[in-house]
Every structure is written in C-alpha cells, then in structure tokens.
Amino acid sequence: MKFKDIGKDKYFEIVGLEGYYKVDHNKREAKAYRKLSTGRMMYDGTVRGLYDNLEAGRWKIK
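With full-length UniProt numbering, you'll find the sequence shown wraps up at 62, consecutive numbering, no jumps.
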C-alpha cells in the first residue's frame, strides 16, 4: 500500500509501531488509535512528525 493512496478515514498499521493510525492529507497530520478489548477504536492523539516521515518513506505500512 502506498502512503498517498491511504484515504482519510482508513485505519492502517505501521511496521515497528503499536496501534493503528489515520492520516489527514489536508492537515498533514497522523492520528494514533488503539483497539479496545470490546473492538472499538480509541483515539490516542496526534503523532508529531509521523506524517512527514511516512511521506519520506522512513516507515513502512503493513
């Protein structure tokens, strides 16, 4: 999967990091989520610099 092909409301995982992430290409930010035992997703916060690192290819998307 290519970084630019990821939609705004699509969860994805990153190799070497825990949790799930979403990106907002308009705001150029990545948001972290975790999956609860009930199956629901819980918002953990915005990850600074992750969007730029994903765009540069420094992290691999599962």
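Source of the hints: derived by calculation from the structure; they are not laboratory data. Even glycine gets a Cβ: it sits at the ideal position worked out from N, Cα and C. Do not rely on the hints blindly, as some may be mistaken.
Unchecked claim - Cβ pair distances, simulated, as ranges:
#: 1; residue 1: T38; residue 2: D5; range: 26 to 32 angstroms
#: 2; residue 1: S37; residue 2: F3; range: 26 to 32 angstroms
#: 3; residue 1: G57; residue 2: G7; range: 29 to 35 angstroms
#: 4; residue 1: S37; residue 2: R58; range: 16 to 22 angstroms
#: 5; residue 1: G7; residue 2: A56; range: 18 to 24 angstroms
Structure-based check of all given hints:
{"no.": "1", "hint": "T38 with D5: 26 to 32 angstroms", "result": "holds (30 angstroms)"}
{"no.": "2", "hint": "S37 with F3: 26 to 32 angstroms", "result": "holds (30 angstroms)"}
{"no.": "3", "hint": "G57 with G7: 29 to 35 angstroms", "result": "violated (19 angstroms)"}
{"no.": "4", "hint": "S37 with R58: 16 to 22 angstroms", "result": "violated (32 angstroms)"}
{"no.": "5", "hint": "G7 with A56: 18 to 24 angstroms", "result": "holds (20 angstroms)"}
Checked against the numbered hints above, the structure breaks hints 3 and 4 and satisfies the rest.
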